[in-house]
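**Student:** Given chain U, work out where chains L and C should sit, using these hints.
Chains as they are written, first to last, in the numbering used here: chain U, 80 to 617; chain L, 16 to 315; chain C, 314 to 630.
Calculated directly from the structure, the hints in this document are not laboratory data. Since we're looking at a predicted model, the values are computed, not measured. Hints are supplied without guarantee of correctness; some may be wrong.
[Said to hold, decoys possible] Lysine to any residue pairs mimicking SDA-like chemistry, simulated, CA-CA at most 25 Å apart: (1) K384/C / M607/C; (2) K384/C / Q269/U; (3) K146/L / L318/C; (4) K146/L / F334/C; (5) K431/U / E579/U; (6) K431/U / S83/L.
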Amino acid sequence: MLRLRHLLLAAALPVALATAEPAAAQGTLRIGMTAADIPLTHGQPDQGFEGNRFTGIPLYDALTAWDLSRADRPSTLIPGLATEWSVDPNDRTRWVFRLRPNVRFHDGSPFTADAVVWNVRKVLDREAPHFDPRQVGVTATRMPTLRRAEAIDELTVALFTSEPDSLLPINLTNLFMASPAHWEALRRQQPTAEATWNAFAANPSGTGPFRLTRLVPRERAEMVRNDNYWGERARLERIVLLPIPEANARTAALLSNQVDWIEAPAPDAVPQLRARGMQIATNPQPHVWPWQPCFLEHSPLRDVRVRRAINLAIDREGLRTLLGGMMQPAVGTVPPGHPWWGNPSFQIRTDKAEARRLLAEAGYGPQRPLTLRVQISASGSGQMQPLPMNEFLQQDLRQVGVNVEFDVIEWNALFTNWRQGCGHPSARGAHAINVSFAAMDPFFAMVRFWDSKMAAPVSNNWGMFSDPRFDQLVAAARNAFEPAERDAALARLHAAGVDEALFIWIAHDVGPRAMSPRVRGHVQPQSWFVDLRLPFIQ
Amino acid sequence: MSSTAAAAELAVQAKQAALYRSEGYWAGVWKRLRRDPVTIVCALILLAMLVVIVFAPLFAPHDPYQGSMIRRLRPIGTENYPLGTDELGRDMLSRLIYGGRLSWFMGILPVALAFVIGTTLGVTAGFVGGKVNMLIMRVTDVFYAFPSVLLAVAISGALGAGILNAILALTLVFIPPIIRVAESVTTGVRNLDFVDAARASGASALTIVRVHVLGNVLGPIFIYATSLISVCMILASGLSFLGLGTRPPEPEWGLMLNTLRTAIYVQPWVAVLPGACIFVTSICFNLVSDGLRQAMDVKG
Amino acid sequence: MFFYLVRRVLYAIPIALAVGFVCFMLVQIAPGDPINAIVPPDAPQEVVEQVRRDYGLDQPLPVQFGLWLWKVVQGDLGRSLATGRPVWSDLSSAIANTLTLAAMASLIGFVLGCLLGGLAGTYRGSLIDRVAVTSAVAGVSVPHYWLGMVLVVIFSVQLNLLPAMGAGPGGSADWAWDWEHFQHLILPAATLSVIPMGIVTRTVRGIVAEIMNQEFVTALRGKGLTSRGVFLHVVKNASPNVIAVMGLQLGYLMGGSILVETVFSWPGTGLLLNSAIFQRDLPVLQGTILVLAMFFVALNLVVDLVQTALDPRIKRA
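If we strip away everything but chain U, and leave its shape as in the complex, we get (with noise of 0.2 Å):
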């Protein structure tokens, strides 16, 4: 009897201290991805920042990190396995990285600066016993200029970049830290470093605060809590990871309750989701889906005033309700109040009074309507709602007299046409093109398409835009090694990108997921990414 009323007690302590504490809360959380197979797990995700989100961030740590805590302002760098960093002032492509202290990884062994170089050679070393071609696409264009990484003690690590470059701390974020010292153990019962990697991603060993203990590829992926993690714990015990490639089996399987989180419900089942009781968490996400002119000779989107006339033409309130509320309508590559943000000039609006008149004044009209042909997709990652959104667009732009043709290809080859420039034949004549991208990193979300330097084949200046004045505001910013002077760089360059209206800025994604009642705690950040320490099982 005695022992009866002991169980019933244990059984009804952590219910009661879960409801009253939502710290000690617990429980397992079921993830449904939008991803077909698992993300890799070897340190460095494939699947694109989905990747990252759930199988990077959790397992591992990088040198820096994003602050995820905040919902009400876009999420910032902040330290992570580095606590603090500094560009030497002697050699502007020599980093010194101060390592956090008494961090271990998962299979007990120490981080330290040896750690990080032995990372940083996985994908940039050819000669490392350990170095792993099949990691290097997805880190070595998020890091485009480091080159090597040095231990100067045990607890401080120098890197080197090819030239200045003061984005390298944000780009780190990409690289995380694997154990070397597993590995090694690991590769003792393996023939070939391939093979190790392979037997890395069934058994991985990060400093993350959460580890692995079971995959299945392409099934599932379950981690439970790292109790030792350096910094603030989980509260979940164990998280699962479900491929679900399928919008609808997503929200199926949300509702009949074999998960309790899904990534990007279909807009159109959200009302269904929220009748049934779900949570829809949406922000604005550092996310851009815009139409990106062509500045060559045949293009008439050479001309600035047709470029503001269009993003004036716009009705992006109206795309808003189309898509059920699930976008943020964009007035730049960055929204206002974001440190980039500057101060245009030009501000981005509904007028299509003034959309008419610039029109006119740039010599079209009723006479000589102006007909825009632009490449888009009919779906792919981040692409949103590709058909119905230029649907949308199209009959929008007709009120202000502008035809606009589309040229709709598959996902994959709009993304090969976006590096061939739109003087390619590839691009068929296009006088835009329409690929959403991510825009938390300033190469990423300005420098890759409004550097000279960049354009088409180099990276993804598709329009072949070449002016010296951004060209010199881009070179400022990579210069500019203090956070703050650095900010300000980037706001010159982005107040100077609006005001020549370099883009039609269309909307951002506010990256939304569906979860049961039954999920507490969780902050939606302005970000790709989300930290999972957060949210709780009730």
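**Tutor:** Just chains L and C now, kept in the frame of chain U:
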């Protein structure tokens, strides 16, 4: 499906059909057909569909490509939009009518192509026999070793998405079964008395094939081919459903079903309409094919 | 009899080789340089050259086929472009899952088909005959991916009775035949079973009706044989054909489950193929098709052998 059995059965029919081939035979077929209301009704449904989709501009109340964001996903029975609107606010009725064009095209063309190619090869194999037969039939066996869906998915998956690739893949899928049936029926007919008689009278091989063999084997092969149309239609829209066939914004039933899937929670009845169209068409083709076979089966 | 068996088995070998050749050609007919279909676009140049040598892509086609075949025979189906994992590692578990699904669907289709077909054949022209014939035609005419969607909306979303996707709480890796896992199998298996149901119904109805019309059955009945005796007789005579049809159906379902697996996220070969097609992961596409086709070749052989054993009267050239 179990085409060996079907082929054997058809061969028997062909022999009997050959014996009974006369005005009286066709009159009997027609008489039997008239007494088969199911076949008649299905044939009429198909005929009506054909008329509607061929003269789509006359029947479709709206432009199938013209949408409007303010009237998207309206339910069935909306004024002016009797079958509702799709996810882009396009009229469902018009899209279904125009969509039928491509769906029928992709259901019939591969079978028709396979009918021509398969009959040629099958009759050649059956009539010439020997090594030619051996060669054609062994190659057929290889393609027979693939389940049809798998073969279609494999070929169009390797070639990449597109209508032409899908048609090519489906044609390849249906050639082997038609060859088998054609070969088996031809072999059956070849040994019949009147062919021997024609041969004895000194007719050339080509004449024999044209006059005696083709006349007697085309019917059964044709009936077999009609039974493939329903399979082909389901497969073709399945390819579009997987993103391997038609591309948006082209209306096609399989693709419409795919793009409307996200709306299944908002307007389930509208979202399942394209599937219902495929279902009705395919069941009608199946029943008509069954009815024809029974009507032409003298045993029946 | 013995010679027939030996000949049949030997005959399967050239077929298997030719099937392998068709699968090999899949990568060749894909647009672009075959090397791009085998190595990831960001692979370093030395890896590209290494693979080019390994596969003999600089050599004539027959040599390439030989090299490829040699690798396949050793169990090396190549590497997935998307994940870098060996194709076989993903394929082996997917095949087991598809086999589970296809076997379940065949079982449902077989039982229902025999029941409906048997009744329909016995009572030809009755109401039950019409119901059976109609459902048989409906079964082979329905686009089953569409049926799957409708079932999910009804049973998962509206009634919340059955799960909509996946292979159970632990994934397919710890599949067990308990309710927890089994409930995940019901909707996809039911969806997939409509085709074999239709075909078995048709076949059984035809055979039963024919047997019932035969003179000796009438004679047996005249002699006062019980209906049980007639039933046994029918079973004995019908089973070789029904087993043949059913065996082939299992093979068709293995290959044809791609659409149903996509709708239900069932972690089998179909889902694997689907994502391979989307990512243009040709090694996975090729490996999956090859293994499924080989399975089908083997199944055909087994069906033939079993059929011959059951019914020695069947003689084939």
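**Student:** Each hint should be assessed against the structure and marked as holding or not.
**Tutor:** Right, here's what the structure says about each hint:
For the proposed pair K384/C and M607/C, the alpha carbon gap of about 16 Å is at most 25 Å, so the pair holds. Proposed proximity of K384/C and Q269/U is supported: the alpha carbons are some 21 Å apart, at most 25 Å. Of the pairs offered as hints, the one joining K146/L and L318/C holds, with about 23 Å between alpha carbons and a cut-off of 25 Å not exceeded. Only pairs whose Cα atoms come within 25 Å are accepted, and K146/L paired with F334/C is accepted, the gap being roughly 22 Å.
A C-alpha spacing of about 19 Å is found between K431/U and E579/U, which places the hinted pair at or below 25 Å, so the restraint holds. With a C-alpha separation of about 20 Å, the suggested pairing of K431/U with S83/L holds against the 25 Å cut-off.
Every hint, counting from the list given before, is met by this structure.
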